[in-house]
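For the protein sequence lines, the chains are E and G, in the order given. Heads up: take any position in the first sequence, counting from 1, add 1216, and you land on my numbering. Heads up: take any position in the second sequence, counting from 1, add 421, and you land on my numbering.
Hints listed in this document are in silico derivations from the structure and should not be mistaken for laboratory results. Quick caveat, the model's predicted, so the values are computed rather than measured. Here a beta-carbon is modelled for each residue, glycine too, at the ideal position from N, C-alpha and C. Fair warning: there could be bad hints in the mix.
[Unchecked claim] Covered stretches of chain E (in silico footprint by chain G; criterion: 3 or more residues with CB under 8 angstroms from a CB of chain G, positions within the stretch not fixed):
| no. | segment |
| --- | --- |
| 1 | 1407-1413 |
| 2 | 1430-1436 |
[What the hints assert, rightly or not] Straight-line C-alpha distance at most 20 angstroms; calculated EDC-like pairs for lysine to aspartate or glutamate:
| no. | chain 1 | residue 1 | chain 2 | residue 2 |
| --- | --- | --- | --- | --- |
| 3 | G | 467 | G | 436 |
| 4 | E | 1239 | E | 1252 |
| 5 | E | 1287 | E | 1315 |
| 6 | E | 1287 | E | 1226 |
| 7 | G | 689 | E | 1431 |
| 8 | G | 470 | G | 632 |
| 9 | E | 1415 | G | 704 |
| 10 | E | 1415 | G | 685 |
| 11 | G | 467 | G | 742 |
| 12 | G | 689 | E | 1397 |
| 13 | G | 467 | G | 652 |
| 14 | G | 689 | E | 1413 |
| 15 | G | 467 | G | 603 |
| 16 | G | 470 | G | 652 |
| 17 | G | 467 | G | 733 |
Given next are the chains, with one letter for each unit.
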Amino acid sequence: MSTPLLQVRDLATHFDTAAGVLKAVDGVSFDVHAGEIVGLVGESGSGKSVTGFSILGLVDAPGRIVGGSVKLDGVELVGAGNAALRAVRGRRISMVFQDPSTTLNPVLSIGTQMRLALAAHERLSDVAARSRAVEALTRVGIPDAARRLDAYPHQFSGGMRQRVAIAIAMLNRPQLIVCDEPTTALDVSIQAQILTEMKALARDSGTALIWISHDLATVSSMAARILVMYAGRLIEEGPTAIVLRRPRHPYTLGLLNSLPGNAVPGRDLVQIPGTTPSLLDLPAGCAFAPRCTHADGMCATPPDLVRDGPRAVRCHHPVNAERAEVETAS
Amino acid sequence: MSALIEVSGVSKRFEARPTIGERIAAKLGSAIESRTVFAVDGVDLKITKGEVLGLVGESGCGKSTLGRIIAGILPPTEGQASLDGAPVMGVGRRPVKTTTRVQMVFQDPFGSLDPRMRVGESISEGPIAHGLVTRAAAATYIAAWLTRVGLPAQASERYPHQFSGGQRQRIAIARALAMQPDVLVCDEPVASLDVSIQAQIINLFLALRRDLGLTMLFISHDLGVVRHICDRVAIMYLGRIVETGGAAEIFAAPRHPYTRALLDSVPKLVLADDSLVTFRPIEGELPSPLNPPPGCHFHLRCAHADQRCRSEIPRLAVVADGGHVACHHPLTP
Chain E
1217 MSTPLLQVRD
1227 LATHFDTAAG
1237 VLKAVDGVSF
1247 DVHAGEIVGL
1257 VGESGSGKSV
1267 TGFSILGLVD
1277 APGRIVGGSV
1287 KLDGVELVGA
1297 GNAALRAVRG
1307 RRISMVFQDP
1317 STTLNPVLSI
1327 GTQMRLALAA
1337 HERLSDVAAR
1347 SRAVEALTRV
1357 GIPDAARRLD
1367 AYPHQFSGGM
1377 RQRVAIAIAM
1387 LNRPQLIVCD
1397 EPTTALDVSI
1407 QAQILTEMKA
1417 LARDSGTALI
1427 WISHDLATVS
1437 SMAARILVMY
1447 AGRLIEEGPT
1457 AIVLRRPRHP
1467 YTLGLLNSLP
1477 GNAVPGRDLV
1487 QIPGTTPSLL
1497 DLPAGCAFAP
1507 RCTHADGMCA
1517 TPPDLVRDGP
1527 RAVRCHHPVN
1537 AERAEVETAS
Chain G
422 MSALIEVSGV
432 SKRFEARPTI
442 GERIAAKLGS
452 AIESRTVFAV
462 DGVDLKITKG
472 EVLGLVGESG
482 CGKSTLGRII
492 AGILPPTEGQ
502 ASLDGAPVMG
512 VGRRPVKTTT
522 RVQMVFQDPF
532 GSLDPRMRVG
542 ESISEGPIAH
552 GLVTRAAAAT
562 YIAAWLTRVG
572 LPAQASERYP
582 HQFSGGQRQR
592 IAIARALAMQ
602 PDVLVCDEPV
612 ASLDVSIQAQ
622 IINLFLALRR
632 DLGLTMLFIS
642 HDLGVVRHIC
652 DRVAIMYLGR
662 IVETGGAAEI
672 FAAPRHPYTR
682 ALLDSVPKLV
692 LADDSLVTFR
702 PIEGELPSPL
712 NPPPGCHFHL
722 RCAHADQRCR
732 SEIPRLAVVA
742 DGGHVACHHP
752 LTP
């Protein structure tokens, strides 16, 4: 395959807290190729969002990127100056956040916000900026876009606000959009609309997406490749359909078994015992070992991420294909 | 079997009082627009003893409002909810709840527990006030309920912030159960939890139901969760119930076009080798409950809508398998 668009290597983002150093992201490596949709899944505290923020250098104190590298087309972003990062953000990599009601500026019309996003990266006449904005809004399915430019965020519904946020993210035709739970706050019918449109937009414009979500089903409908995170580390990676059918990490298998849609109604769900460990006080070996039914003495040493073709798993006792019983969802 | 909970003709309207500016404008003769939200609009519903009824709908459809009316913590504008034939709320200017036999579990365990009260106090406050347990026997009583929901008895001495989201939801469930209710109204009790924790709480509900024979109204937007734990399902759209029926029947063959569209909107785990988006989204958005469309509320988004749907409100009618559907053109299975 060609050189990846984005290369993340051994990325580590830590937060200095009163209780100690919190290792939110601890040695994460992955590639994203041009035009590819990569799903990044995990539960709260797994480090999936912090990974997304770290790519754009959007980690604020007390958090800091303590190591590793993020290269966009071979150019290092970790440690790059503010001016260099500003030239990249919104232009070559942009981001869509979970809650559009807090990420859009409530006191500026969306037309103004879009003009500012364009003006940050190129010199455009007002007329040209306006027509670019109308075009972007139309593309994300906002009817009567020219008139809606003068409206303020509160005049849009939640689904429409998220469409505006997506339109702004796509304004400068970026190569990569980091999408952090963009449909979690939306109703299922609106989520279905946005997922369908987003996938078509990415395909038509050749934009790569990193799709961050806790929802395996949403990710499976978007991403060809999936990365699973647990306690700040990548624990499994591979083609989505294969990973979800034959997961190799006991945690991935446990997550799939926990989904009510995968079980016989009324029957107890196969649950993962215990809770996610505190990132301040991780076990010395495999972070999942205390909750894992396969754990033994070996798991006291941290497992490496072992690659095998397109797949990778971080486990001393990967589940083997025959044992993984994932019932086909209806 | 007779109905334990019976909701008849319940409507709830929320009216925003006009601001001073608007009152002056009205005095000067300008028309001000009506700001009445029709949250619940003429709902009839029955829950039989021992049944788990799922109440499903998107945000703003009125499902939480209906849940609160059934729990007796919100007075309806019209109609009433009753338990064993007796209204759950009194009438008058300041109606109060008249029964302790219905209890509620809320979505957000961070907001529903008093952060300054020890867990044990939160659980025993109600039972002591209502004479279900004496102050002297409270400690044993608290310990029994904590154990029942899978928490150690020592949890009683701690504060809510010392627990994770899943544990807090267990505490909220223990607090509701300690009132020894016959009916539990659960408003999105697993929506804010991670998948692995959600499975633990779902299993707890399944066990409680088996062991205590609880009757439950389970409000959720998550169709997977509802299918898993509910016997019967009621689907709400913009304040009205559009379909009810057995969970298995509704999920296999919905009769209302909205139910069909809702089921089609849910992302499925794609286990085939090509991961294509497989759902067919519903066109358009939920109309504003401030100004609901005439006739069938769904007609603006429905592919089957005709002239009749635009003017005449469809009533809930019985269908072959015992379910009910409010549609002029129900789907045939």
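For each hint, the structure was consulted:
For a cut-off of 8 angstroms, the count of residues in the segment 1407-1413 of chain E with a CB near a CB of chain G stands at 5, and the three-residue condition holds. Here the segment 1430-1436 of chain E counts 6 residues with a CB under 8 angstroms from a CB of chain G, which clears the bar of 3, and the coverage holds. A C-alpha spacing of about 28 angstroms is found between residue 467 of chain G and residue 436 of chain G, which places the hinted pair above 20 angstroms, so the restraint is violated. Proposed proximity of residue 1239 of chain E and residue 1252 of chain E is contradicted: the alpha carbons are some 28 angstroms apart, above 20 angstroms.
Of the pairs offered as hints, the one joining residue 1287 of chain E and residue 1315 of chain E is violated, with about 28 angstroms between alpha carbons and a cut-off of 20 angstroms exceeded. For the suggested pair residue 1287 of chain E and residue 1226 of chain E, the alpha carbons sit about 12 angstroms apart, so the restraint of at most 20 angstroms is met. A threshold of 20 angstroms between alpha carbons decides the hint, and for residue 689 of chain G with residue 1431 of chain E the separation of about 10 angstroms falls inside it, so the pair holds. Taking the CA atoms of residue 470 of chain G and residue 632 of chain G, the gap is about 14 angstroms. The hint holds against a cut of 20 angstroms.
Annotation: proposed proximity of residue 1415 of chain E to residue 704 of chain G holds, straight-line Cα distance about 17 angstroms (limit 20 angstroms). Taken as a hint, the residue 1415 of chain E and residue 685 of chain G pair is honoured in the structure, with Cα atoms around 17 angstroms apart against an allowance of 20 angstroms. Distance hint between residue 467 of chain G and residue 742 of chain G is fulfilled; the C-alpha atoms sit about 17 angstroms from each other, no more than 20 angstroms. With a C-alpha separation of about 17 angstroms, the suggested pairing of residue 689 of chain G with residue 1397 of chain E holds against the 20 angstroms cut-off.
Distance check on the hinted pair: residue 467 of chain G and residue 652 of chain G sit about 13 angstroms apart at the alpha-carbon level, within 20 angstroms; holds. In summary, the hint linking residue 689 of chain G to residue 1413 of chain E is supported, as the alpha carbons are separated by about 17 angstroms, within the 20 angstroms threshold. Taking the CA atoms of residue 467 of chain G and residue 603 of chain G, the gap is near 15 angstroms; set against the 20 angstroms cutoff, the hint holds. Annotation: proposed proximity of residue 470 of chain G to residue 652 of chain G holds, straight-line Cα distance about 12 angstroms (limit 20 angstroms).
Taking the CA atoms of residue 467 of chain G and residue 733 of chain G, the gap is near 25 angstroms; set against the 20 angstroms cutoff, the hint is violated.
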